[in-house]
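Student: Starting from the known structure of chain A, arrange chain B on it as the hints suggest.
There are 2 protein chains.
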Amino acid sequence: MPLTPHFYPVILAGGSGTRFWPRSRRKMAKQVLNLDGDRSMIQQTVARLLPLSDPAKFWVITNDYLSAVIGRQLKGLPKRQIVSEPAARNTAPAIGLAAFILQRMDSNAVIGMFPADHVIKDEKAFRTVLSQGIKLAASGANMVVMGIAPTRPETGYGYIEAGEQLSDGLYRVRRFTEKPDQQRAQQFLSAGNYLWNGGIFVWSARTLVSAIREHLPKTAPLLEDIAGAWGTPKFRRVFKSVYPKCESISIDYAVLEPRSAKGEQASNLYCLRADFGWNDLGSWTALFEHRLANSPAAENSNVIEAKDNFVLNAAGNYIYSPKKFVAAVGVKDVVVVETDDALLITTREHSQDVGKVVKQLAERKLNKLI
Amino acid sequence: MPLTPHFYPVILAGGSGTRFWPRSRRKMAKQVLNLDGDRSMIQQTVARLLPLSDPAKFWVITNDYLSAVIGRQLKGLPKRQIVSEPAARNTAPAIGLAAFILQRMDSNAVIGMFPADHVIKDEKAFRTVLSQGIKLAASGANMVVMGIAPTRPETGYGYIEAGEQLSDGLYRVRRFTEKPDQQRAQQFLSAGNYLWNGGIFVWSARTLVSAIREHLPKTAPLLEDIAGAWGTPKFRRVFKSVYPKCESISIDYAVLEPRSAKGEQASNLYCLRADFGWNDLGSWTALFEHRLANSPAAENSNVIEAKDNFVLNAAGNYIYSPKKFVAAVGVKDVVVVETDDALLITTREHSQDVGKVVKQLAERKLNKLI
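From first to last, the protein sequence lines stand for chains A and B. Numbered according to the numbering used here, the first sequence spans residues 2 to 371. Numbered according to the numbering used here, the second sequence spans residues 2 to 371.
Here chain A stands alone, though its shape is the one from the complex (with noise of 0.2 Å):
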């Protein structure tokens, strides 16, 4: 597959992670850990997306906590293009800045934006659907979103619901959806033309840049003046500055729906349907389930890192302890993850509650724990 010389990965990577909490830390977020398999998840997102991109154009914006160990984890990526934030302002500033930026560079820029902690099962198909939607974004004020088809009623995503159909797996955007209820969530899998939104947007710097002068009047001049002092030595105070008196917003809510307000065929939105195994592993249950889906043993339904272990009439258990010796008796449906400072025991049924321990240990200022 060809680089696309104009195409710049741009990989928002300032998440806090909290429901992988006690592996997760405000220092050590989802994104840097190795949740599945020997790399990082930021690791797997630039490795997957390097067949179509030099290593130069790359861009993650992350935090101070974690631009550091983000900086060894890439050391093929440019430092400079490693950007902290000052504040988090959500992702409409911080891929805007990233458009402001690279408009000046290079005026035929396509900007492709990526979460750092989701995994994709079929990176090749990945790309070929990707490779797509820079095409598209390329050809004029188009804005192309990544529709994954969904495999169940998740009630935890947004949809995008797909109209018009253009060529094979190519759609004009009807419109975004919130989170449904379970009822709804249903009726979209069952009418089969809503697909999961998983944050994955294309589009020329030129196409965001006007897109965020016409939604955020305000915002807009801020990320301006930061991107014109891009790479001067006053870039640093200037960010600091300016950066948090952006809207914090999301891009979705920003730019998305208002655009889709305009109407399928006047908004200039796409779709394209993605089917690439896609996970955002949004919980340790979401991780237990994609390693069993893709562990060589799937008879064994039990997921155990651990330097050995020992399972007499346990089944459907997430454990993580690697530098000991596991015994697992009897037990069903339970997560147990062990840290050097910490250990957590629930079960897959309230893995997504594991949020609310950060929020207490907050409370209490552990901060060491967080």
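Please keep in mind that the hints were generated in silico from the structure rather than gathered at the bench. Any given hint could turn out to be false.
Any copy will do: because identical chains look the same in the list, a pair fits if it lies in one copy or spans two.
Unchecked claim - Result set (DSS-like, lysine-lysine): computed pairs, CA atoms no more than 27 Å apart in a straight line:
no.: 1; residue 1: K308; residue 2: K357
no.: 2; residue 1: K125; residue 2: K308
no.: 3; residue 1: K333; residue 2: K357
no.: 4; residue 1: K80; residue 2: K360
no.: 5; residue 1: K76; residue 2: K28
Since the structure is predicted, the reported quantities are computational estimates derived from the model, not experimental observations.
Tutor: Then chain B, alone, in the frame of chain A:
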């Protein structure tokens, strides 16, 4: 309570206690663990007997794995009376040897035999009953058994059927009963005259010596040879060469059951009904129940030994991870025990299967973990 001058407590501390793995190991068996409070089980055993006997009169029968740690834990006891068996031969040779030695040292010696790893809540009541037993044992060829008032239809213990009542709490023994099935255990509980055999016996050295001679005619002369070498330089050598030739049999099977077959009147077997909050802590689940029953905050239905913890919708759990922050979220009735090299995850229902882990470790020759 006055010291009873001819009373010698003999504590049997040779058990391997695999059911408290991973805390219990060959070199750190149940009796030397702090399972309940800040003293080990054997330290608690000695402490509750000290008001009745001088430290110089205590004997401990243990093994080479444990003698050093027991010596450190029981500094006040004479080192040479902490005796390491050269081979495990069950309780009859162990207590028999003590009887042969003590009979030579004090012809009026009364021996109490005590497991090293049980808890007793009401220590004063324990000593009151025991003092009665000592008097009875000192006054003739009587064998006195503690009969623990049962609190549930337990199938894991042997039972003593009490016969003729002689005074308040004192009965002749009608017979000893093997571990019953559930239905019989329920009948025993309803009948009212069945008591648990907790392995606490009192008799004079003279009575026990003659009983061993009668019921273990091959083993008695071996024990006599070893006792003859006690206090001489050749003791270790004789002990090591002769003791392994003794029959491996419990005092219950060897002496008490055959004796009871002589009939309730002729056997000279007596039973003291005891109700002092006894618990043999036979499993992690038994420890959980004991700890919960003795907790000042009984409405908290978890027992968590951790540096600090956070509980959210979790109940009925026993968790041991003393150096870590433990978070229990939505989990019910599990047992999790963490040590430096191992992590056990089981349930209250299955914790009696933990011995199978140790068996597996032995088969795999993972000796460091045993």
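Student: For K76 vs K28, is the C-alpha pair at or below 27 Å within one copy, between two copies, both, or neither?
Tutor: within (18 Å within a copy, 48 Å between copies)
Student: For K80 and K360, with the copy left unspecified, which applies at a CA distance of at most 27 Å: within, between, both, or neither?
Tutor: neither (32 Å within a copy, 54 Å between copies)
Student: At 27 Å max between alpha carbons, let me know whether K308 reaches K357 within a copy, between copies, both or neither.
Tutor: This pair counts as between: shortest inter-copy Cα distance 19 Å, intra-copy 29 Å.
Student: Given a CA cutoff of 27 Å, do K125 and K308 count as a within-copy pair, a between-copy pair, both, or neither?
Tutor: neither (33 Å within a copy, 48 Å between copies)
Student: Could you figure out if K333 and K357 sit no more than 27 Å apart (CA to CA) within one copy, between two copies, both or neither?
Tutor: Both: 23 Å inside a chain and 18 Å across chains, each within 27 Å.
Comparing the model with each earlier hint shows violations of hints 2, 4; every other hint is respected.
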